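*Asks:* Turn these sequences into a full structure, and let the hints guide you.
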Amino acid sequence: MSNTIKAAPAAQSPEFLTPSPVTRRTFLGYTAATTATLLGVKPAIAADELNVLVWCDHADDKLIEPFEAAHNVRINVKTYEGTGTALSLIEQSRPGDWDVLVVDAPDAPTVARRGILAPLDDGDFPLGDLFSPLTSAGFNYVDGTRYAVPEKFGYYGVAYNKEKVDPADMRSAQVMWNDAYKGRIAVYDYYFPTMQLIAISMGIAPDKIGMDDLPTIREKLLAMKPNIKIIGDIVSVQNALVNGDVDLILNGAEFVVSGLMPTIPALDWTIFDEGGLMWIQGIGVFESSNKKDLAKKFVQYILSPDGQGRLATSECYWAMPANSQAVLDDSQKKILRWDEQAGFLDRSVPSTISQPDIDSAMLDIWTEFLQS
Amino acid sequence: MSAKRDWTRWAVHPAVGFTLVFFFLPLMIMVTVSFWQRIYGKLEATWSIANYAKFFGADYLRDSLLNSLEVTLITTFLSVLLAYPLAWILAYRVPPKWQKVLLILAVLPFWTAYVVRSYSWLLVISENGIINATLMAIGIIQEPLELAYGRSATILGFVHFFTMLLTLTIYANLVQIKPSYQKAASDLGANRFQVFFHVTLPLSIPGVAVGAFITFVIAIGDFITPQILGGSTEVLVPQAIMLQVSRAANFPMAAVMSLTLTVVVVIVYLMVQKHLKMDRI
Chain A
1 MSNTIKAAPA
11 AQSPEFLTPS
21 PVTRRTFLGY
31 TAATTATLLG
41 VKPAIAADEL
51 NVLVWCDHAD
61 DKLIEPFEAA
71 HNVRINVKTY
81 EGTGTALSLI
91 EQSRPGDWDV
101 LVVDAPDAPT
111 VARRGILAPL
121 DDGDFPLGDL
131 FSPLTSAGFN
141 YVDGTRYAVP
151 EKFGYYGVAY
161 NKEKVDPADM
171 RSAQVMWNDA
181 YKGRIAVYDY
191 YFPTMQLIAI
201 SMGIAPDKIG
211 MDDLPTIREK
221 LLAMKPNIKI
231 IGDIVSVQNA
241 LVNGDVDLIL
251 NGAEFVVSGL
261 MPTIPALDWT
271 IFDEGGLMWI
281 QGIGVFESSN
291 KKDLAKKFVQ
301 YILSPDGQGR
311 LATSECYWAM
321 PANSQAVLDD
331 SQKKILRWDE
341 QAGFLDRSVP
351 STISQPDIDS
361 AMLDIWTEFL
371 QS
Chain B
1 MSAKRDWTRW
11 AVHPAVGFTL
21 VFFFLPLMIM
31 VTVSFWQRIY
41 GKLEATWSIA
51 NYAKFFGADY
61 LRDSLLNSLE
71 VTLITTFLSV
81 LLAYPLAWIL
91 AYRVPPKWQK
101 VLLILAVLPF
111 WTAYVVRSYS
121 WLLVISENGI
131 INATLMAIGI
141 IQEPLELAYG
151 RSATILGFVH
161 FFTMLLTLTI
171 YANLVQIKPS
181 YQKAASDLGA
191 NRFQVFFHVT
201 LPLSIPGVAV
211 GAFITFVIAI
221 GDFITPQILG
231 GSTEVLVPQA
241 IMLQVSRAAN
251 FPMAAVMSLT
261 LTVVVVIVYL
271 MVQKHLKMDR
281 I
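Chains A and B are the protein sequences, given in the same order.
Here the first sequence is numbered in my numbering, starting from 1 and rising by one per residue.
Here the second sequence is numbered in my numbering, starting from 1 and rising by one per residue.
It should be emphasised that the hints constitute simulated quantities derived from the structure, not laboratory data.
Fair warning: this is a prediction, and the values are worked out from it, not measured in the lab.
Wrong hints could be hidden among the right ones.
Derived list of chain A stretches under chain B, where covered just means 3 residues or more per stretch with a C-beta under 8 Å from a C-beta of chain B [claimed, not checked]:
no., segment
1, 217 to 231
2, 240 to 251
3, 362 to 371
Just so you know, even glycine gets a beta-carbon here, dropped at the ideal spot from N, CA and C.
*Replies:* Structure, rendered in structure tokens:
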């Protein structure tokens, strides 16, 4: 995989860039809105409303208020976890209830095939500024049509307290079985990325895992158990790390600790030298929306450098902006290991859901691992 | 008179209707779905016992039921053991004017959100928590004890909550026992222990049974406490259900597990029903 990090904007060759959808007018609008937000000025009674079904990082006022002020619109945010939950909410809604959807990018084709997402025009979005592994992934198009745009991503790697561990150990996937960390590891409870990380440690490409590989992966997974103190959701493993109950979190990376790092500088994260796994979230417009133009403008705002900087450092969780031109200050870039993205992206692949039979078998093995 | 009787007969119909629509019907749907199968990511409406065979055949799934039973029984036993003396002291040793104040203190933990209460326990029992910090500060231990993230932590969280619940049901029962019974026993020559074991304790069994049954029912179906305090280092049935629902959308398998819990609760109910006298609490 080639180096996909763009150079600084001033040095960037214009031929690599798609014309930016941000016009002078919208730029001025966002600037005014940002100023109004900073001054604590709320927009007058909104002329319109936009209903967005999104992940919790989009509920941050600092992200949505500039758009609300710029477009005199009220954003009604409904957050959810898991594509299944989103589909269930959509099924219970009437056509036109929702305008914008944020979804696990690899799930976007499935959602699009259900007729939920509207086709999008590549020219409307700054695709040239997005990190290329995100835009080149297979889930971007369904029969040549785009239905969602990658907006934010992160890694399944390792998050740790650098005062308690040797940071060099964290670079190796062998840390999962390293006796030095016996009883000191928390695992973010998500079965297939964890098992895909084990596959990476064995030299198996995550998307090539077959039924024949599962017995060996199971053996390695069960062998890891003595090192594990807790397996839990994000908040649980964060707590364990911050409270000092564990020294590192496996299967977690920037999304687990970046938001805490400004106040707890001992925390850090990385991915394994053997390879990394990426999670990617995408954003699209509902086919049944009655406000497709406004919804598209919201998507454009989210993908703009300003929106991307705000989304990347959202209160709910930090993660990598999809747009390489995102507005981030030096301390934020340091926390997000901005300078290392070229190498990280080079050796990472998207963590996509396996075939249903493998997925089901993996969950059985995971349950056995929890019970062991 | 007969008109009044007719009216009261009709008055129960909304409750019966509610139960039919929101309990019996979903239960029947769950029974039906438990025979379905999730094949290659899709639900197929079959009539197969494969899910039951898998749940009771696979060690790691069957163990979740055994774990749930063990944790719930230990929780219920310890909660009764702690709650009974507390309720007895409240009923017989605390002046009536202070009883209400102490009862309010007893139910204070109920006023905290369940999730918050579980996370609060982590602050107490974690490696840098209050207990370890205190023991290390006074030199009793050199290395922190591993108190969090295990079965003992789950049971601790449960017992903290259910001791309060049981205290209420047992106290409510104890204050209904007529003092004349205990006085009569004393007059007939029984000492304090004989009065307690032959009069007070048997008459307070309904309060213990109701509290213990409620404890059993809530604890065996609880997901939050084992998830937060137990750290998923072992799986209980509610956690196994959540794995099937949230990770695999395998509703048939989740239905099998849920029905198994329901059957367990029914069996326990049948075992203790003769002691479940709600009018005594």
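*Asks:* Now, for every hint given, state plainly whether the structure supports it.
*Replies:* Structure-based check of each hint:
no. : hint       : verdict
1   : 217 to 231 : holds (count 4)
2   : 240 to 251 : holds (count 4)
3   : 362 to 371 : holds (count 7)
The structure fails none of the hints (numbered hints given earlier).
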